[in-house]
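J.: If you're matching them up, the sequences are chains S and F in order.
Following my numbering, the numbering of the first sequence begins with 1 at its first residue and continues without gaps.
Following my numbering, the numbering of the second sequence begins with 87 at its first residue and continues without gaps.
Wrong hints could be hidden among the right ones.
The calculated DSS-like cross-link candidates involving lysine-lysine, where the alpha carbons are at most 25 Å apart (straight line), are [to be verified]:
(1) F:Lys210 <-> F:Lys89
(2) F:Lys131 <-> F:Lys202
(3) F:Lys126 <-> F:Lys170
(4) F:Lys155 <-> F:Lys188
(5) F:Lys202 <-> F:Lys128
(6) F:Lys202 <-> F:Lys188
(7) F:Lys210 <-> S:Lys71
(8) S:Lys16 <-> F:Lys170
(9) F:Lys210 <-> S:Lys14
(10) S:Lys14 <-> F:Lys202
(11) S:Lys42 <-> S:Lys14
(12) F:Lys144 <-> F:Lys170
(13) F:Lys155 <-> F:Lys89
(14) S:Lys16 <-> F:Lys131
(15) F:Lys210 <-> S:Lys16
(16) F:Lys131 <-> F:Lys210
(17) S:Lys16 <-> F:Lys126
(18) S:Lys42 <-> S:Lys16
(19) F:Lys144 <-> S:Lys14
(20) S:Lys6 <-> S:Lys16
(21) F:Lys170 <-> S:Lys14
(22) F:Lys89 <-> F:Lys126
(23) F:Lys170 <-> F:Lys128
(24) F:Lys89 <-> F:Lys192
(25) S:Lys16 <-> F:Lys128
(26) F:Lys192 <-> F:Lys202
(27) F:Lys128 <-> F:Lys144
(28) F:Lys144 <-> F:Lys192
(29) S:Lys6 <-> F:Lys144
(30) F:Lys126 <-> F:Lys210
(31) S:Lys14 <-> F:Lys155
(32) F:Lys144 <-> F:Lys202
(33) S:Lys16 <-> F:Lys202
(34) F:Lys188 <-> F:Lys131
No lab work stands behind these hints, which were simulated from the structure alone.
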Amino acid sequence: MVNMIKVLYFASVKEKLGLGSEAFEYKNGLTLSLLITRISEKHPELRTLTATKRFLYAVNQEVSDLSSTLKDGDEVAILPPLSGGN
Amino acid sequence: MIKLQLADFNIEEETLALRGPFRNTGAAVVFLGTARDFSKGKDIKGLEFEYYPGMAEKSLERLRDRTLKEFDVLDVGIIHRFGKIEIAENIVLIIVVSQHRKEAFKACEFCIDELKRSVPIWKKEFTVDGDVWVEDHP
Numbered sequence: 001m002v003n004m005i006k007v008l009y010f011a012s013v014k015e016k017l018g019l020g021s022e023a024f025e026y027k028n029g030l031t032l033s034l035l036i037t038r039i040s041e042k043h044p045e046l047r048t049l050t051a052t053k054r055f056l057y058a059v060n061q062e063v064s065d066l067s068s069t070l071k072d073g074d075e076v077a078i079l080p081p082l083s084g085g086n
Numbered sequence: 087m088i089k090l091q092l093a094d095f096n097i098e099e100e101t102l103a104l105r106g107p108f109r110n111t112g113a114a115v116v117f118l119g120t121a122r123d124f125s126k127g128k129d130i131k132g133l134e135f136e137y138y139p140g141m142a143e144k145s146l147e148r149l150r151d152r153t154l155k156e157f158d159v160l161d162v163g164i165i166h167r168f169g170k171i172e173i174a175e176n177i178v179l180i181i182v183v184s185q186h187r188k189e190a191f192k193a194c195e196f197c198i199d200e201l202k203r204s205v206p207i208w209k210k211e212f213t214v215d216g217d218v219w220v221e222d223h224p
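The following block holds chain F by itself, in its conformation from the complex:
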């Protein structure tokens, strides 16, 4: 499951949907990225995300496929929001379900690190000093 969407997501609904009714599933690891009100010592008033339509979806699908191949997990879901996002709102959700928790933790971390590195999504920070596109990879 891959989604790029404007609207917020429901963490519990998405997690349960991905987990499904399977009897062999022992763990669901969930990473939720949310909008924080500071960045490198500056106050942040809000965020905006832009993506490359077409390529972003393809990159997310590829990341999901790669995670399923490289880790012993059952399913992976990634949701990323775009548009304007207020402080404390949800930005990104990654869900990994597996038989055992260890692989799911590893896969989930891999997925968010790789998303930041390879998926064409950009973040703009609205600060008191003006608006800036974030162009350094944290």
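Just chain S, same shape as in the assembly:
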């Protein structure tokens, strides 16, 4: 069975990729950490994702640890450092 994860991009990442979201397929268990590695391999311009700890990752709209296990249909978002308010 092929599972699908929807990945959302925002702000600088969205602009760098020219892409707001894309789907990733996987067959066996996938952790958030492995998914981020796959995203960085597909988009080498996003190496900063793994190089900086200031990026946060959300699974189904909750900030999550890199060790989290993903399941079919999850929504993962890459969150660049936040800068709302003033």
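Take the given structure of chain S and dock chain F to it, following the hints.
T.: For chain F alone, coordinates are given in the frame of chain S:
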């Protein structure tokens, strides 16, 4: 009251609406964040805000709930605009009403600090040298 909106807001209307007719309310502390024309020595021509639909609203609700729980205040309202914002325009409004002013001041500061830290909203600055997403937490 939580709002993410494109349009500007009316500070007085929002404040009076949140304050309501209650006779036990002694203070409303209002924080207004506006668009400034400089940032780290650079001239800023304008701003743009983007947010994560769904998660931003949830984060704001959670921040409001947390503020109500941790401080002795009666109500909290947060409005954040998105999209393009001109210099001198309003960006964010936080209103805290309470029986006594001290708690409201504390709660209001907590709310804006925490908003910047935990709500998925991003700011882009339009400068003479180009456009940059702000990625350092001030």
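J.: Would you mind confirming whether the straight-line C-alpha gap from Lys16 of chain S to Lys202 of chain F stays at or under 25 Å?
T.: Distance of about 23 Å is within 25 Å: holds.
J.: Between Lys42 of chain S and Lys14 of chain S, does the CA-CA distance stay at or below 25 Å?
T.: Answer holds: Lys42 of chain S to Lys14 of chain S is near 14 Å, not above 25 Å.
J.: When you check the alpha-carbon spacing of Lys210 of chain F and Lys16 of chain S, does it fall within 25 Å?
T.: This hinted pair holds, its Cα atoms lying about 14 Å apart.
J.: Given the hint that Lys14 of chain S pairs with Lys155 of chain F, test it: the Cα-Cα distance must not exceed 25 Å.
T.: violated (36 Å)
J.: For a C-alpha distance cap of 25 Å, please report whether Lys131 of chain F and Lys210 of chain F respect it.
T.: holds (11 Å)
J.: Keeping to a limit of 25 Å between CA atoms, is the pair of Lys128 of chain F and Lys144 of chain F held or broken?
T.: The given pair, whose Cα atoms are some 34 Å apart, is violated under the 25 Å limit.
J.: Need the status of pair Lys42 of chain S, Lys16 of chain S: alpha-carbon distance at most 25 Å?
T.: This hinted pair holds, its Cα atoms lying about 13 Å apart.
J.: When you check the alpha-carbon spacing of Lys210 of chain F and Lys89 of chain F, does it fall within 25 Å?
T.: Within the cut-off at roughly 20 Å; holds.
J.: If you draw a straight line from the CA of Lys6 of chain S to the CA of Lys16 of chain S, is it 25 Å or shorter?
T.: The hint holds at about 18 Å.
J.: Verify the proposed pairing of Lys16 of chain S with Lys170 of chain F, using a straight-line Cα cut of 25 Å.
T.: The given pair, whose Cα atoms are some 19 Å apart, holds under the 25 Å limit.
J.: Is it true that the CA of Lys170 of chain F sits at most 25 Å from the CA of Lys128 of chain F?
T.: holds (19 Å)
J.: Would the pair Lys170 of chain F and Lys14 of chain S pass a check requiring their Cα atoms to be no farther apart than 25 Å?
T.: It holds: about 17 Å lies between the C-alpha atoms, which stays within 25 Å.
Checked against the numbered hints above, the structure breaks hints 7, 22, 27, 31, 34 and satisfies the rest.
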